[in-house]
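*Asks:* For the protein sequence lines, the chains are A and B, in the order given.
Residue numbers for the first sequence follow the numbering used here, so the first one is 102 and each next one is one higher.
Residue numbers for the second sequence follow the numbering used here, so the first one is 7 and each next one is one higher.
Wrong hints could be hidden among the right ones.
Facing chain B, according to a computed beta carbon distance under 7 angstroms, are these residues of chain A, among others [said to hold, decoys possible]:
hint : residue
1    : 120
2    : 121
3    : 125
4    : 141
5    : 157
6    : 160
7    : 163
8    : 193
9    : 229
10   : 230
11   : 231
12   : 256
Have a look at the derived ranges for each label pair, beta carbon to beta carbon [what the hints assert, rightly or not]:
hint : chain 1 : residue 1 : chain 2 : residue 2 : range
13   : A       : 160       : B       : 17        : 22 to 28 angstroms
14   : A       : 231       : B       : 17        : 20 to 26 angstroms
15   : B       : 48        : A       : 207       : 49 to 55 angstroms
Note that these hints are calculated values from the structure, not bench results.
In this text, a Cβ means the ideal position worked out from N, Cα and C, and glycines have one as well.
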Amino acid sequence: MPPTDQSMPPVEGLYRQYGGALLLFAISICGEYGRAQDAVHQVFLKLMETDSLKNALDPKAYLFASVRNALLNDLKTRQRNVPINADRLWFKPPDRDHVAELNLRRALQALPEDQRQVVVLHVWGELTLAQVAEILSISANTAASRYRYALTKLREVMLMKESSNA
Amino acid sequence: MPEPNDEQFEAYLRSFHPVDPEPLPLRVKRHAAGAQHRSALAVIAVACLAAAALAVIVLPRNPRSTNEPLATLIPSDVSSKAAKTGTSVPALARLALDDHAAFVEFMADKAESQFPQMKSEQSALRVLAKQQESKENLR
């Protein structure tokens, strides 16, 4: 994660620090890059207007929960589920290994949505499973079990993809 | 990809960094506002230049007080020469505003020197009037 620039306003600093993980989390929910980005922007612009972040006990968890709520509200109004669009990169791959990036993206897409959200929040959002449970309004045990299942499936799918590519 | 071990696998997953989102639209707005500000300043500058150019054209070039009557500003020999050759509209307007009597006198002189004599027998009006009178008599 890039460090927060002290000279920047707090909200913009948070955007720089967590923007990538929040965007990934939003994509994992709605499946569309454009809508995901709109949701992240919407949350931050609202934060700038209302300054509601200062009342949050856990600002980082608050941000992820806000993005999720924004997307769920949007989904309610649209009344439809959109399949995940795999056209755009989700990650900056290590060593420019774009094949590995594609494998990871496809493996994440293959996960059920609830497991995908848990793994994104824990691995890339760097949130504890307790925080993940709080954000998703589930118990800590459920979050932990979803995470284990997700990790197992991810590994299986990625190994399968790697062997098929080899 | 590392072999099955949750911590190693997690570390491998974390080596992929999420792409950064595009900048907040607020920055775009700020740029747009800055561009609008610059455009407004440019328009104001052009308007000021136009006003200055107009002032240079319209206002008299003599820097002396504008309260002074035009007649005193123009030397007598020059004004008499102007009376013979004709005077510009702005100078006449100034003269009319500053000294109405002098303006009337000046215009009367001009009329006498430049327009046909209305009172003589060869006056165009008299000729026309006579023609009209003769036509009516014939009827």
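*Asks:* It remains to establish, for every hint, whether it holds in the given structure.
*Replies:* The hints, checked one at a time:
{"no.": "1", "hint": "120", "verdict": "holds (5 angstroms)"}
{"no.": "2", "hint": "121", "verdict": "holds (4 angstroms)"}
{"no.": "3", "hint": "125", "verdict": "holds (4 angstroms)"}
{"no.": "4", "hint": "141", "verdict": "holds (6 angstroms)"}
{"no.": "5", "hint": "157", "verdict": "violated (19 angstroms)"}
{"no.": "6", "hint": "160", "verdict": "violated (17 angstroms)"}
{"no.": "7", "hint": "163", "verdict": "violated (18 angstroms)"}
{"no.": "8", "hint": "193", "verdict": "holds (5 angstroms)"}
{"no.": "9", "hint": "229", "verdict": "violated (13 angstroms)"}
{"no.": "10", "hint": "230", "verdict": "violated (12 angstroms)"}
{"no.": "11", "hint": "231", "verdict": "violated (17 angstroms)"}
{"no.": "12", "hint": "256", "verdict": "holds (6 angstroms)"}
{"no.": "13", "hint": "A:160 to B:17: 22 to 28 angstroms", "verdict": "holds (26 angstroms)"}
{"no.": "14", "hint": "A:231 to B:17: 20 to 26 angstroms", "verdict": "holds (21 angstroms)"}
{"no.": "15", "hint": "B:48 to A:207: 49 to 55 angstroms", "verdict": "holds (53 angstroms)"}
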